[in-house]
Amino acid sequence: MMVIRPITRDDLPGLMKLAASAGVGLTSLPINEERLAKRILRSVRSFSGEAELAEQGYVFVLEDGSNGTVAGICALEAAVGLHEPWYNYRVGTIVHASEELNVYSRHDTLFLSNDHTGYSELCTLFLHPDYRVNRNGGLLSKSRFLFLAQFADLFGKMVVAEMRGVSDSDGKSPFWEALGRHFFSMEFAEADYLTGVGQKAFVAELMPKHPVYIDFLSPEARAVIGKTHENTRPAVAMLESEGFRYEGYVDIFDAGPTVQAYTSEIRAVKQSVMASVRVVTAPVEGERKNLLVSNTQFEGFRVILAETTVVDNEILLTPEEAHALQVGEGDPVRCVTLSPKETI
Amino acid sequence: MLVVRPVRTSDLPAIERMAVASGIGVTSLPNDRDKLFERIQQSASAFEHEAVPDTGREFYMFVLEEHGEVVGTASISASAGFDEPFYSYRSETFVHASRPLKVNNRIHVLNICHDLTGMVQLCGFYADPAYRGLGSELLSRARLLFIAGQRERFGKRILAEMQGIHDEQGQSPFWNAIGRRFFNMDFIQVEQAFVSHSKTFIAELMPAYPIYVPLLPDEAQNAIGQVHPDFERPFMLLTSEGFEADNYLDIFDGGAVLTADVDRLWTVECSGTYPVEVSVSLPPSATTMLLSNGCTDRFAAVAARVALVNGMALMTQDVAQVLALSNGQPVRVVPLHEAKEKQS
Chain A
1 MMVIRPITRD DLPGLMKLAA SAGVGLTSLP INEERLAKRI LRSVRSFSGE
51 AELAEQGYVF VLEDGSNGTV AGICALEAAV GLHEPWYNYR VGTIVHASEE
101 LNVYSRHDTL FLSNDHTGYS ELCTLFLHPD YRVNRNGGLL SKSRFLFLAQ
151 FADLFGKMVV AEMRGVSDSD GKSPFWEALG RHFFSMEFAE ADYLTGVGQK
201 AFVAELMPKH PVYIDFLSPE ARAVIGKTHE NTRPAVAMLE SEGFRYEGYV
251 DIFDAGPTVQ AYTSEIRAVK QSVMASVRVV TAPVEGERKN LLVSNTQFEG
301 FRVILAETTV VDNEILLTPE EAHALQVGEG DPVRCVTLSP KETI
Chain B
1 MLVVRPVRTS DLPAIERMAV ASGIGVTSLP NDRDKLFERI QQSASAFEHE
51 AVPDTGREFY MFVLEEHGEV VGTASISASA GFDEPFYSYR SETFVHASRP
101 LKVNNRIHVL NICHDLTGMV QLCGFYADPA YRGLGSELLS RARLLFIAGQ
151 RERFGKRILA EMQGIHDEQG QSPFWNAIGR RFFNMDFIQV EQAFVSHSKT
201 FIAELMPAYP IYVPLLPDEA QNAIGQVHPD FERPFMLLTS EGFEADNYLD
251 IFDGGAVLTA DVDRLWTVEC SGTYPVEVSV SLPPSATTML LSNGCTDRFA
301 AVAARVALVN GMALMTQDVA QVLALSNGQP VRVVPLHEAK EKQS
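In order, the protein sequence lines correspond to chains A and B.
Residue 83 in my numbering sits at position 83 of the first sequence; the count goes up by one each step and never skips.
Residue 316 in my numbering sits at position 316 of the second sequence; the count goes up by one each step and never skips.
Just chain B, same shape as in the assembly (with noise of 0.2 Å):
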């Protein structure tokens, strides 16, 4: 059975192994040990706290496991940039216009801005490659199931970058075109800076006007926005979950910020709540979704066939047991992408 669950110290080897894995890019998962320790202690202390409705610094991190192997992992950081900064490019218009002239003209300029600042951010998503279906939808989606279940700890607002367009030499357009005029750095030593130092720190030598789109070369203009194919799946996920690719790129490799409302999401607007009941054979009306309980540090989420009959959740010994429920609680239970899309 998949199952996500909080991180563990003991898990460190194999997160080790996923940061090696995921390359580069998803910078949230650095390949550091020291620091992914210490994301792992951040983590387990972030899940060991007691809600407070003033978010900060809290790291939560996720795991996705099978027969007691871990082959995912998934982050939620409480407030994008806690402490400190959160940069974007906002993509905006400027009309240079002139009625004696009769001329309109737009022009697509990027700003940089902070307007994501404290946002709850989801980040260092990677699963193996043997889990991009019914695994990812789970590892990614748990987290919505963890903030619809632990609403207080968590704002209004939600943001996911999506890594850039770069290729397998770690050559970025968008980065060759801005970035690289700055600090004369590939995309892939700014990504190992972004290790030793915050990426708020690198962010603060971008250049702090705003950039003319029109002036950058043609590759680098049709980077914007763009998502790297290795993500498309994340991207997939999360557009149908109601995130938006809208105004906002990462200021690096110029890769699309989808945000969203967090109360407007799909597993948080849909999921709902029932009384488990644990029953030795489920009706054919049984369907595979997705479930969580409500715990925080003993979080657990699995994807499992389920009847919602007589508003009881119906479902097996063992899922129940994964979730640590028995009779009477309350898992929360919201359906599989492919439901909704079925639907409509």
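Next up, chain A with everything else stripped away, as it sits in the complex (with noise of 0.2 Å):
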């Protein structure tokens, strides 16, 4: 059985061995053992209440319970931008007119915004290969939708998620060798790598600070402002599916899009309801769908699926199912479809 439960000290080796897996592309997993052991405590402070507001995030794991080993990762920050300033270029339109000279222009400007200043952030997601079959992966991602559910209070009044832009193979950017570069002699995957390791306020306090004209850039950098790499596509479409939209903001550096919604509208937030645990032993009869279930504790929150049904306000469990979930007969859990194509 999957199981999601909050990263504790004790899975250190299983994450330096996962991100080993991920390779020199993810640059919020590198393989860095005082790095990894230090977003692992800041998320156990976070669970334990130590940690403040601009502290605050949590991460999960997908273990596998057959062997205990560390299948993937997921993790939300409860607001970004409240120790440093948290940088997005906003895609806003400017119109140059004039009646009687006969001339009308639109021109798209980016305009360096800390707008998401407060929001939540859905990041670091990564899955090992070897687990991407079974659902796996939507269980991962969406798991994080019951936390958010569970424990608004916790969290913005939006949730946002950077998707990566477009670069080619040799990891160049379009964007950033029209814009980025002229303003500081680095490459891009040194500024994705500075990014990645938590120095992304400094790299920005080099950019622009002015609205710059998109008409001044290469038409190479202006076809991918808002675009996302090949690779991250699915993960937009999820996101898409589950309500998220691109509003205009894009990163800074390779200009991909940065989606949000509002909390409370996230499809698996609203559509998740609460029921109460019955344990069955015997296969479950009539119409089965696969759901998102989680237990109602903090620290020992757990997320699994399981392919069930939901009978006048009681999911039936087996018996595994309730022990991954650390739940017994009539204790609350909250759950929702895994496809936002179903309902419960």
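Where hints are given, some of them may not hold.
Stated by the list, open to error - Taking CB as the label site, the calculated pair distances span:
1. 199(A) / 95(B): 16 to 24 Å
2. 82(A) / 171(B): 45 to 53 Å
3. 97(A) / 133(B): 31 to 39 Å
4. 171(B) / 197(A): 45 to 53 Å
5. 85(A) / 157(B): 54 to 62 Å
6. 217(B) / 82(A): 39 to 47 Å
7. 340(A) / 198(B): 54 to 62 Å
8. 217(B) / 134(A): 50 to 58 Å
9. 134(A) / 92(B): 29 to 37 Å
10. 95(A) / 16(B): 45 to 53 Å
11. 242(B) / 95(A): 38 to 46 Å
Said to hold, decoys possible - Which chain B residues face chain A? A few, computed with CB under 8 Å, are given here:
12. 96
13. 210
14. 262
As the list claims (entries may be wrong) - To give an idea of the chain A side of the interface with chain B (calculated C-beta under 8 Å), a few residues:
15. 93
16. 96
17. 99
18. 183
19. 203
20. 208
21. 212
22. 213
23. 215
24. 217
25. 281
26. 286
For the record, the hints were derived by calculation from the structure and aren't laboratory data.
Beta carbons: idealized from backbone N, C-alpha and C, even for Gly.
Each of the two chains sits in its own frame; use the hints to bring them together as a complex.
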């Protein structure tokens, strides 16, 4: 059984292995024991209530119950930009027009913004390639929505997710080449690395503060503004199906889109319902659906994916499922269909 | 003898001919008869007007004449932009620095500004090709002699816009990189729009945010602060006077805008007034210098041989006559630039 649970200090070796399988491409999961240990500690302090809002970040792992392997990781930041500024470019429109001269032109313009300050963020999603089966990806990514639903008070009114922008196979980003490169002599990969190690604000402070007319950028750069890297497209599609939208905010380095949604309007948050557990040993009869099911504990938060049904506010779970969720007969759980196309 | 005097209504055909010959770029010499007539009228009333301390819309237009034929023209606008803002780009440096990242980058930025509004402006300069030598010097500097003699009519700072780089087809690399994106007009069309509308009117449609120079194509960057080859002579004349091409650019073609302190101009600082003494023959010490009377509407300036002896300016009868001066009346005298160059 695959189960989502908060990360613990003991997960460090497992997390190092997971990071090694991700390679150098994932800057938010560096193969660096010290930094991973820090990340774990921050999460542990968040779950124990010791961290202040600016520090709060909740990290979850997907554990293979059969052998204890750390198969995936996902995280939620409670509120971004409270320690260091959180930067985006907002793609705005400026119109230059004169009826007298018969001039009318529209100009997309990049405005440096801190508009997302205080918003929550979905981040650090990685699933080991061996486990990219049996809807594990959906469980890993969407488990966070049940946490958001259950502990809404801890999070901002909006949730954002930064999507990787377009870069070629050598890691060159056309947007970076056209803009960032002029402002400091650094390769995109280096800026990307610094971002991953939490130095993004430093890098951002070197970027142009005044609005940038997109007209002044190369055609290649203009073409990738708000566009997602090919490998990230399934992730965007998943978030869009949950109600996330691109509202014109892009990453300041690679111009990848930031998608956003009101926390309470996310499909899996809004449609999630409470039910009480009924443990059944016999196979469930009738129509069964893939449901994300979580318990209601904070530090002991658990999520599983169960193919089952809800009848009269009761959810039918096998003893293994109930065990994985650490719940017993009659305990409350929160559940929602994995697919936005289905309802409970 | 070369003479500079205020323009008269009867000069209109000659002015019109020069407006055509000056081609694009000399926008204060519009190729439009009604506008030119209006300018001449404006000039006539400015010369007739008594000196007022608060300078305003006075526009002084001069012509260069030889043997009764008009071969050049130049103007002074007492207050650039008088009742509307005068736009220019100010060249600025932004330092993008980060101590933690050990990055220190200087970024060249063009910021639109009104800094030059209200300054005295030299404009509308044109001399027929045969008069590019002494004639040009007299024409250009006669304006400064006029200012020196009418100091109360003019403010402290003075500017002159130099035509920027464009090719024979009227393509300006600076315009193509910036203005064109906002207007979709050729540089020539814009020049025409300056005639039908004010330059300020057009300027208000230009991008309001700073332009990051590194984002511009190389041809446009190379055109910044450059002077069109046809303007080499006026440029040399003004830099010899102490004008500096430091910080300001024309927002349309990127040409240098020269600025100076009126009181520090070589002609203003080094010219002196002496009582006239008409003499049949001049001593061997006589040299060619620029001379002007102290009149307003009967202003005249010539390049003629003069000798300064015992605090008197010795000149021949014909020169005194052209200047409308008789014995004992003051004449303003200043050496040619070549004398200054010999000195140093």
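Consistency of the hints with the structure:
1. 199(A) / 95(B): 16 to 24 Å: Given about 19 Å between the Cβ atoms, the range holds.
2. 82(A) / 171(B): 45 to 53 Å: holds, 51 Å
3. 97(A) / 133(B): 31 to 39 Å: violated, 48 Å
4. 171(B) / 197(A): 45 to 53 Å: holds, 48 Å
5. 85(A) / 157(B): 54 to 62 Å: violated, 40 Å
6. 217(B) / 82(A): 39 to 47 Å: holds, 41 Å
7. 340(A) / 198(B): 54 to 62 Å: Given a distance of about 58 Å, which is inside 54 to 62 Å, the answer is holds.
8. 217(B) / 134(A): 50 to 58 Å: 53 Å Cβ-Cβ, so the 50 to 58 Å window holds.
9. 134(A) / 92(B): 29 to 37 Å: Since the Cβ atoms of residue 134(A) and residue 92(B) sit about 59 Å apart, the hinted range of 29 to 37 Å is violated.
10. 95(A) / 16(B): 45 to 53 Å: Once the Cβ atoms are compared, 39 Å apart, the range 45 to 53 Å for residue 16(B) and residue 95(A) is violated.
11. 242(B) / 95(A): 38 to 46 Å: holds, 43 Å
12. 96: holds, 4 Å
13. 210: For residue 210(B), the interface hint holds, since the closest Cβ of chain A sits about 5 Å away, which is under 8 Å.
14. 262: violated, 34 Å
15. 93: This interface hint is violated because 13 Å lies over the 8 Å limit.
16. 96: Interface hint status for residue 96(A): holds (5 Å vs cutoff 8 Å).
17. 99: Nearest chain B Cβ about 11 Å off; hint violated.
18. 183: holds, 5 Å
19. 203: Since chain B brings a Cβ to about 7 Å from residue 203(A), closer than 8 Å, the hint holds.
20. 208: At 6 Å from the nearest chain B Cβ, residue 208(A) passes the 8 Å test, so the hint holds.
21. 212: This interface hint holds because 7 Å falls under the 8 Å limit.
22. 213: Holds - the Cβ of residue 213(A) comes within 8 Å of chain B, reaching about 6 Å at its closest.
23. 215: Nearest chain B Cβ about 4 Å off; hint holds.
24. 217: holds, 7 Å
25. 281: violated, 60 Å
26. 286: At about 61 Å, which exceeds the 8 Å cut-off, the nearest Cβ of chain B leaves the hint on residue 286(A) violated.
Hints 3, 5, 9, 10, 14, 15, 17, 25, 26 from the earlier list are contradicted by this structure; the remaining hints agree with it.
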